[in-house]
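J.: Sequences and hints are given; from them, build the entire structure.
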Amino acid sequence: MSCKSLFSLLIVAFGAFGFVNPSFAQTTEETTTTTAATTEEHAPEKKGINLTELVFGHVSDSHEWHFFELGEKPVAIPLPMILYSPTKGLDIFSSHHFEEWHRDAAMPGVQISNEHNGYHIEKMMKEKVIAEDGSKVYDLSITKNVLSMLISVALILWIMLSVAKKYKAGGATKAPSGFQNALETAIIFIRDEVAIPNLGKKKYIKYMPMLLTVFFFIWINNLLGLLPGGANFTGNIAVTLCLSLISFFVMMIRANKHFWGHLLNPPGVPLGIKFLLVPIEIISMFIKPVALTIRLFANMLAGHIVILCVISMIFIFAGLSKFAGIGFVPVSIAFAIFMFMLELLVAAIQAFIFTNLTAVFIGSAIEEAHHAEGVDHEHNDKIEIIA
Amino acid sequence: MDLLTPELGLFFWTLVAFLVVFFILGKFAWKPILGILSEREKGITEAIASAEKMKGEMSQMKSENEKLMAQAHEERTAMLKEAKDIKDRIIGEAKEIAKTEANKIIMEAQAQINQQKNAAMTEVKNEIGTLALEVAEKILRKQLNSNEGQEAYMNMLANDIKLN
Chain V
1 MSCKSLFSLL IVAFGAFGFV NPSFAQTTEE TTTTTAATTE EHAPEKKGIN LTELVFGHVS
61 DSHEWHFFEL GEKPVAIPLP MILYSPTKGL DIFSSHHFEE WHRDAAMPGV QISNEHNGYH
121 IEKMMKEKVI AEDGSKVYDL SITKNVLSML ISVALILWIM LSVAKKYKAG GATKAPSGFQ
181 NALETAIIFI RDEVAIPNLG KKKYIKYMPM LLTVFFFIWI NNLLGLLPGG ANFTGNIAVT
241 LCLSLISFFV MMIRANKHFW GHLLNPPGVP LGIKFLLVPI EIISMFIKPV ALTIRLFANM
301 LAGHIVILCV ISMIFIFAGL SKFAGIGFVP VSIAFAIFMF MLELLVAAIQ AFIFTNLTAV
361 FIGSAIEEAH HAEGVDHEHN DKIEIIA
Chain E
388 MDLLTPELGL FFWTLVAFLV VFFILGKFAW KPILGILSER EKGITEAIAS AEKMKGEMSQ
448 MKSENEKLMA QAHEERTAML KEAKDIKDRI IGEAKEIAKT EANKIIMEAQ AQINQQKNAA
508 MTEVKNEIGT LALEVAEKIL RKQLNSNEGQ EAYMNMLAND IKLN
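Residue numbers (the working numbering), protein chains in the order written: chain V, 1 to 387; chain E, 388 to 551.
Take the hints with a grain of salt, since some may be wrong.
Quick list of in silico lysine-lysine cross-link-like pairs, DSSO-like style, CA-CA up to 30 Å [said to hold, decoys possible]: (1) E:Lys471 - E:Lys482; (2) V:Lys206 - E:Lys471; (3) V:Lys203 - E:Lys418.
Okay, the calculated bits of chain V under chain E, using three or more residues with CB under 8 Å as the criterion [stated by the list, open to error]: (4) 122-129; (5) 136-149; (6) 166-176; (7) 240-248.
What the hints contain is simulated information worked out from the structure, not anything from laboratory work. Since the model is a prediction, treat every value here as computed from it, not as a measurement. Every residue gets a Cβ at the ideal spot worked out from N, C-alpha and C, and that includes glycine.
T.: What follows is the structure in structure tokens.
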């Protein structure tokens, strides 16, 4: 028991996010009472913790915001379920109705909830809402990630609007002060290091609001994800896909004749090569948003998983011997602190890289015929290699 | 693979939230902030340019001032010299006038003194003459009161004639 509460404490302390799922509670219970009779289907989980379920339970989305286990009881905030299915229409109810979890021998590694309103949840790495009648379910629930995002949206709006108010009150003649000063550094950085070099001095101002919003949206969400109990929002592929599709959409809308001309009919290239080159160019155009999606998703997810694994090592060793577990605590914590510092850095770097690549892609789409091409391309390639 | 399938709900809410944040911030935060930033930068550039210009003007003004100072200095020296000349001239003239005037007064005084002296001398001479006559008359009267006197006088007169 003490082992379990220590684990919860560490999870909360090192910003691993919330979801200690019921299976974990179950499995640790089993490790502490190993001599107790267990049913056959639980036999493989008898020794030690189920790391896969534990880690992915933490990094994936959930319909409730779980913090830790207090004794036997989970401390969690139930979140609203918003479900739509063609047969049943719109359905809104609280997620606390799904509280009984069981396993089915037919589906190993899957936890199934009780049925409510004609729905139940199947949980593997992710939670899936299944309708009892087998119809398709559109799940628009306010999940943990959505709620975390809404909190960060409120935070962003509050910060930016209050700073904007300060700007308006001070006017152009007053020197920035306090938090305004910190933010101004970031804004000027985005403008001078991201927007102007990639988009050109004439056009950059049009894209500044988008770039700034992308940057701060990702950065603040990254940081919130690192908070103890926070959600792994930016390490979710739906989120990064959405963001990169937005930048892809902007790129497609803003692309000029010069861009399409170079793409579909590259000048100065023999006809035979064109048949080879044009498909490659078109594929590379679609690979750009995919690369953006995967880069942010994988970076954030990996960071979270590494911190979780480092912490879990204590309990893996504790499974072997109690003393090994205790002995491993300082090593684990030192590693976790190091990873946490690294993640703080990565949070800012990834936000910058996403913004910069967005600017690079838009820049290549809006580039005029006789732009200083050589310099810009070299610059862009370097950034892509680093990223 | 489970992890790589995007969920519809999260995608939808992310899109909505991002667009809301984008439009609100675009209108109420980025626009004024970027506006004021560029305005400030423009202001700073202008201020530096005008300071630079002012500096040039100042140095120009300084050289002009120096020139003016030198000129004023020269003028002052000239004026001082002129004033001194005028002073000297006035003093000289005044001296000249005073001298002639004094001479004139002295001459007049001398003439008057001479005149007075002459008058006084004449008067004294007259007075002395009268007195001498009176005394001689008195002496003669006394001497000629007696016979001997008259005789002596006649002898004397006769002696005088003899001598001739």
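J.: Which numbered hints turn out to be false for this structure?
T.: 2
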